[in-house]
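Asks: Each chain, written out:
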Amino acid sequence: MYSDKVMDHFMNPRNVGEIENADGIGEVGNPKCGDIMRIYLDVEDNIIKDVKFKTFGCGAAIASSSMATELIKGKTLEEAWRLTNKAVAEALGGLPAIKMHCSVLAEGAIHKAINDYRIKHGLEPWKDDKNYDDDHHDIGE
Amino acid sequence: MYSDKVMDHFMNPRNVGEIENADGIGEVGNPKCGDIMRIYLDVEDNIIKDVKFKTFGCGAAIASSSMATELIKGKTLEEAWRLTNKAVAEALGGLPAIKMHCSVLAEGAIHKAINDYRIKHGLEPWKDDKNYDDDHHDIGE
Amino acid sequence: MDSKRIVYMDHAATTYVKPEVLEAMLPYFTEQFGNPSSVYTLGRKSRSAIEEAREKVAKAIGALPEEIYFTGGGSEADNWAIKGAAFANRAKGNHIITSKIEHHAILNTCEFLEKQGFEVTYVSVDENGVIDLEELKNSITDKTILISIMFANNEIGTIQPIEEIGRIAKERGIIFHTDAVQAIGNVEINVKDMNIDMLSLAAHKFYGPKGVGALYVRKGIRIENLIHGGGQERKRRGGTENLPGIVGLGKAIELATADIEGHNARIRALRDRLLNGILEKIPYTKLNGHPEKRLPGNINVSFKFIEGEGLLLLLDQSGIYGSTGSACSSGSLDPSHVLLAIGLPHEIAHGSLRLSLGDKNTEEDVDYVLDVLPKIVQRLRDMSPLYEN
Amino acid sequence: MDSKRIVYMDHAATTYVKPEVLEAMLPYFTEQFGNPSSVYTLGRKSRSAIEEAREKVAKAIGALPEEIYFTGGGSEADNWAIKGAAFANRAKGNHIITSKIEHHAILNTCEFLEKQGFEVTYVSVDENGVIDLEELKNSITDKTILISIMFANNEIGTIQPIEEIGRIAKERGIIFHTDAVQAIGNVEINVKDMNIDMLSLAAHKFYGPKGVGALYVRKGIRIENLIHGGGQERKRRGGTENLPGIVGLGKAIELATADIEGHNARIRALRDRLLNGILEKIPYTKLNGHPEKRLPGNINVSFKFIEGEGLLLLLDQSGIYGSTGSACSSGSLDPSHVLLAIGLPHEIAHGSLRLSLGDKNTEEDVDYVLDVLPKIVQRLRDMSPLYEN
Ligand SMILES: Cc1ncc(COP(=O)(O)O)c(C=O)c1O
Ligand SMILES: Cc1ncc(COP(=O)(O)O)c(C=O)c1O
Ligand code: FES
Ligand code: FES
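Protein chains in written order, with numbering that gives the first Met the number 0: chain A, 0 to 140; chain B, 0 to 140; chain C, 0 to 388; chain D, 0 to 388.
Hints may contain errors.
Claimed, not checked - In silico contact screen, one side only, chain A against chain D (beta carbon under 10 Å); selected entries:
| no. | residue |
| --- | --- |
| 1 | M10 |
| 2 | I18 |
| 3 | G58 |
| 4 | W80 |
| 5 | L82 |
| 6 | A86 |
| 7 | C101 |
| 8 | I118 |
| 9 | G121 |
| 10 | L122 |
| 11 | P124 |
| 12 | W125 |
| 13 | D127 |
Said to hold, decoys possible - Coverage of chain C stretches by chain D, computed from C-beta distances (three or more under 8 Å per stretch; other residues unrestricted):
| no. | stretch |
| --- | --- |
| 14 | 7-13 |
| 15 | 87-96 |
| 16 | 218-228 |
| 17 | 288-296 |
| 18 | 307-318 |
By construction, these hints were calculated from the structure, which means they are not laboratory data. We put the beta carbon where it would ideally sit given N, CA and C, even for glycine.
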């Protein structure tokens, strides 16, 4: 059901771990519905120098975390903010319909981590129109 | 579904045919429900000297005709009257439940043929408590 | 009683499984047996096999793969279509139209629904077994939610004007189901062109395995489930998938629809040789069903003065396998409802014989039957009190 | 990801077909394929084969052959039992009692019946998954027409006190159905001693083919048909019989019930070795289901801090096949209703793994799993934000 890319990122996830004293941390999901994703950012000159994740969730959630962190590493915060879950899924060679929400977690965790950084730095958080902690499991088709 | 005996009497029916100027003829059944049995008797000194049948009906009906005619050949009319459909079925090694009524035809045709003989000879017909021309198809179990 | 020759001419009842079909199925019993709902490799391979079979079924009838649902046979498909549409559309109406000559999987289902408060109209057929389209149109009411008319009849082989019925149903916005169990492989079917909303089929009628079938349900048509349960078949039919059976169905329908014209030409030629021979050699014999609009392999004839069960038994002794509409063979009071619906008197219906030809039948088979059958008919007639020489 | 070793431990989902079973089935596809309803030799041979299978099924559960009806699987048997009893007894009452941990074939059928005006009580289970008998008794009303409680649970393996439930039902004159799909071959069953009125089973859970099952219905119990149609199965289940499937079911149940004790002793020893190893080697792990009253091959454990789908995928990479009650694997919002019913919090239910052992599993398989599984669990924990080393 998963593409080779998904399996690769699930089996060999990039950027697993934590960053001590991270500049920004974002966590979405809740254990009740089974998925939690936490992202750590190291930011220097508005550039994401390093990024790590921890994820409690399915294969697609772990692969999305891995791919999303790869995609924002070295990018500006603005660029990282614009990363959509669709872009993550596409980069993974697609996700099954019932697993699209797992990529949404990644988008959400990044947004939260960026805003955590902004708040810590006295900046106004950017506005997010989605609530990433909602029940997001959904039945495809 | 049929015993070897049934198949034998169906495949090689005894006493098929007609008797010209028979002493007694009995017919039961009606073509509507698919079964007609006609029995011809040649009677001498109250003994059934010869007997023939014609049957429109299933394998069990033909086998029953064959067996029943065999069983009454050479018997007295009283003995022939007492032949039950059960005895015919038993002599055939049994009949499937849904085919028991076919043997009833044989009993009925014999009764009618005997009474036809009795009436022709100015005797009172014996009393029969079954109506052999009723719809007799029945679903087993 | 003498010969060792076997001539199977009861393909309308069921067919053998073709070797290629069985071969396709075999790995799925012992090796590739994983549950298609599982995420692991073994399960995913099963899933692909099922989806491949679904595509084959879809292609064979001009549907989309996601419109095909696998079932445990033709009867389940018929029950599901009728009950499913009835229960799902009860708020819209309670009237169903079908025909007098449907298979019992349809008729007995309708009878059940009548007990549940539905009303059913059973449209008549003419002496050839063709549905009365005027009667069909006139029986439509505001409450009509479903029309179910079989594609081709299993006993007399008559093919119905399905496109016209589809048009009528579409015009009136009524769901149209057709029982195509006998038609697959014998008639070109395109559910879109023909405005068919639901269609039933069964693998064992076209050289696939018994115990597996499919229901096509046009996208957008909502029907209640029949087998409630797990999430299989996109939550519409519960139960662990019959993996080898479904693979066999896929393979069989692919083979059966690869060259319908060629297949029909061959079977029809054999059939006509047999039919003409029978009509020529055996007096007091009548063809049942439509002379042209009939399944290519179907012969249904009535021999006056005799009864069908005995005929079958004698044919069996000569290695010939056919079937009959006689009541004596079914254990019920009445002979075939189809033969009665086309107007046969009971005693004629009793003397009916169906021979349905298939892919392995040969000219030698036909000649053998033409040699044996007349003698057997004569033999039974000689025993019959109705026959006066 | 490296090994070529394959360890199948998902027998509760489905089993491979045993070679002896497939061998018994094979002639019925291509040679001995006649319709069992036909009067000719080929059909009569099919009929005998089916009746022989029926006797085997009957013998396996202490029933009479005429009390066994073949179906297209376990789900069909469950649907038939529940809907059949409901529709046939509507005049007597509209209340059904079942449990919270039944298979969806039961639960979704009950939900359908609720829409049709029936009332259903879902009895609770304790933390081991055992039915609350007091609650069961107290929920009986004048309107109760059916109690349906599964023999053994498919996820956590807990075996229910079926004899006691049978007694309760009998005392109150209520029909008692049990879904024994998981129990056949693992528990000695005698429907008479246990006062079971109806029982469902499915061949593919005990090394028989998929797509065939049976419903036992005690003589004298009247249920409405589910698949209406031809006169098959003594007019109670329409549809051309799945001849090879039925033969396979007969053979499989004969093998599965020949030596239940011996089979269980072997499987249980392997299971306990695996279970103890898991509990020893992997911290924060909990056994789900009853510690003793459970199916011999069933292990169901929850690993804290991780989610089951990822676990399955990693196991798959090592050639190990199991299953999980995680929602992520099913695409639904909630994890297994069974795990929730025994009181597991959602996040623990998500980390559940079921390994169900079967006849071909060996000590080497167990040791291999004990080698691989702890590493995989650790690997996922290391990725988990919930796990703090
Ligand atoms: C307890 C139980 N009941 C019913 C079923 C349904 O059986 P099937 O999948 O054969 O329809 C299963 C298995 O899936 C089961 O484990
Ligand atoms: C026209 C028609 N409909 C339905 C069926 C039922 O199919 P099955 O016996 O596979 O359930 C049959 C065959 O028996 C049939 O000929
Ligand atoms: S004569 Fe009709 S069943 Fe025997
Ligand atoms: S995290 Fe639950 S489905 Fe992906």
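Asks: Each of the hints needs a verdict: does it hold here or not?
Replies: Going down the list of hints, with the structure as the test:
1. M10: holds, 7 Å
2. I18: violated, 13 Å
3. G58: At about 5 Å, which falls below the 10 Å cut-off, the nearest Cβ of chain D leaves the hint on A/G58 intact, so it holds.
4. W80: violated, 22 Å
5. L82: violated, 20 Å
6. A86: Violated, about 22 Å.
7. C101: holds, 8 Å
8. I118: violated, 20 Å
9. G121: At 27 Å from the nearest chain D Cβ, A/G121 fails the 10 Å test, so the hint is violated.
10. L122: It is violated, given that the least Cβ distance between A/L122 and chain D is near 25 Å, above 10 Å.
11. P124: violated, 22 Å
12. W125: Since chain D brings no Cβ nearer than about 23 Å to A/W125, farther than 10 Å, the hint is violated.
13. D127: Because about 20 Å separates A/D127 from the closest Cβ in chain D, which is outside the 10 Å limit, the hint is violated.
14. 7-13: holds (count 4)
15. 87-96: violated (count 0)
16. 218-228: With 6 residues close enough to chain D, the hint holds.
17. 288-296: violated (count 0)
18. 307-318: holds (count 5)
Checked against the numbered hints listed earlier, the structure breaks hints 2, 4, 5, 6, 8, 9, 10, 11, 12, 13, 15, 17; every other hint is satisfied.
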